[in-house]
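Student: On the provided structure of chain A, position chain B as indicated by the hints.
Residue numbers (numbering that gives the first Met the number 0), protein chains in the order written: chain A, 0 to 237; chain B, 0 to 62.
The set of hints was computed from the structure by calculation and includes no laboratory data. All values reported here derive from a predicted model rather than from experimental measurement. Don't take every hint at face value.
Selected chain A positions facing chain B (Cβ under 10 Å, derived; list incomplete) [what the hints assert, rightly or not]:
#	residue
1	R15
2	V36
3	I109
4	W110
5	Q205
6	L215
Straight-line C-alpha distance at most 30 Å; calculated DSBU-like pairs for lysine-lysine [stated by the list, open to error]:
#	chain 1	residue 1	chain 2	residue 2
7	A	K223	A	K80
8	A	K223	A	K233
9	B	K28	A	K233
10	B	K28	A	K223
Glycine included, C-beta positions come from ideal geometry on N, C-alpha and C.
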Amino acid sequence: MSPGTAQLTPVAPRSRISLPALAAASLVLVTLALVLVFFVAPNDADQGFSQRIFYFHVSIAITAYACFGLGAWKALLHLWKRDPRADLESYVAVHQGVIFGSLVLITGSIWAKISWGHWWLWSEDQLVLFLVLFLFYAAYFMLRYSVDPGPQRANFSAVYALFGVVLIPVSFMAIRLAKQAIHPVVFTRHGPNFGGWILVTYCVAQVAMLVLAYTLYRIELAGKRVDARVRELKEVLA
Amino acid sequence: MTTAETYVTAAYCAVFAIVLVYVLIIALKVQRLEREVDELAGRAAAHEPDPEPDERREPAVVG
Numbered sequence: 000m001s002p003g004t005a006q007l008t009p010v011a012p013r014s015r016i017s018l019p020a021l022a023a024a025s026l027v028l029v030t031l032a033l034v035l036v037f038f039v040a041p042n043d044a045d046q047g048f049s050q051r052i053f054y055f056h057v058s059i060a061i062t063a064y065a066c067f068g069l070g071a072w073k074a075l076l077h078l079w080k081r082d083p084r085a086d087l088e089s090y091v092a093v094h095q096g097v098i099f100g101s102l103v104l105i106t107g108s109i110w111a112k113i114s115w116g117h118w119w120l121w122s123e124d125q126l127v128l129f130l131v132l133f134l135f136y137a138a139y140f141m142l143r144y145s146v147d148p149g150p151q152r153a154n155f156s157a158v159y160a161l162f163g164v165v166l167i168p169v170s171f172m173a174i175r176l177a178k179q180a181i182h183p184v185v186f187t188r189h190g191p192n193f194g195g196w197i198l199v200t201y202c203v204a205q206v207a208m209l210v211l212a213y214t215l216y217r218i219e220l221a222g223k224r225v226d227a228r229v230r231e232l233k234e235v236l237a
Numbered sequence: 000m001t002t003a004e005t006y007v008t009a010a011y012c013a014v015f016a017i018v019l020v021y022v023l024i025i026a027l028k029v030q031r032l033e034r035e036v037d038e039l040a041g042r043a044a045a046h047e048p049d050p051e052p053d054e055r056r057e058p059a060v061v062g
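Chain A on its own, in the form it takes in the complex (with noise of 0.2 Å):
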């Protein structure tokens, strides 16, 4: 491709918020959060000082749980509209699941330690399914990344992108579900099962979570299409 003459994708629109307003909320709400998981919040009178896990563990699986809806909405997008950044968006959303995803795992783990003794109980259907969830969304890289660039890549990933969703009501509703589960539950039919402060501290971290998911996502999404476009200058200047 001789210089001149190449078509460079157009450029992404400006999002209304910009991020360093989005970087600086999502340290304000994070450290706001800290402040309430340490010293405001009182112990749980089950499960002591351990049960502070939760304010973290719970915000950071809905985040997963939300970053993977985003991820099969913007495959949805992709397959429907032809919508040329939603490839990249719908992968960018899958990324940030697997990463909360992860922290799921870890910040679960550490707490099951604690309340039941085990880092990990295969009895239990609700961490298995998540784990299940989890995999899934990870072996999306693995096909991806085995594909060459184009079309067809774009058009697995959304597909296999959108049959994961399915999983997330499942892992979802398997802890409200299981008959005989040692998982708590935090939100019933009639509301959540807290009130007052634990309540106040839930709800600024789950903000928090999910305010920093969507920085890292806008960042992720940044660094992404530059490189994309870096790439296509190389060629016009090749």
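Tutor: Same frame as chain A, now just chain B:
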């Protein structure tokens, strides 16, 4: 420090460490992109066309 406090601290440190590792990976990537952009700028400078013949002529005093 009690056992519960140790485990809770470990859990929060794990979260912090993974986010830090992620930031480190992004920083390394940005560093690589910076190098590649420098390289592209060098290539773009080498690709710049020669000045037009008219621009190469010495200005002459008329009259």
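Student: Run every hint past the structure and note whether it holds.
Tutor: Against the structure, the hints:
Because the smallest distance between the Cβ of R15(A) and any Cβ of chain B comes to about 23 Å, over 10 Å, the interface hint for this residue is violated. The beta carbon of V36(A) is positioned within 10 Å of a beta carbon in chain B (closest approach about 8 Å), and the interface hint is therefore held. The beta carbon of I109(A) comes within 4 Å of a beta carbon in chain B, closer than 10 Å, and the hint placing it at the interface holds. For W110(A), the suggested interface contact is upheld, since its CB lies about 7 Å from the closest CB of chain B, less than 10 Å.
Because the smallest distance between the Cβ of Q205(A) and any Cβ of chain B comes to about 14 Å, over 10 Å, the interface hint for this residue is violated. Hint status for L215(A) relative to chain B: holds, with the closest Cβ pair at about 7 Å, below 10 Å. The hinted pair formed by K223(A) and K80(A) meets the criterion: a straight-line CA distance of about 22 Å does not exceed 30 Å. Of the pairs offered as hints, the one joining K223(A) and K233(A) holds, with about 15 Å between alpha carbons and a cut-off of 30 Å not exceeded.
This hinted pair checks out: K28(B) and K233(A) have alpha carbons roughly 17 Å apart, not beyond 30 Å. At most 30 Å may separate the alpha-carbon atoms for a hinted pair to count; K28(B) and K223(A) meet this at roughly 10 Å.
Hints 1, 5, counting from the list given before, are not met by this structure.
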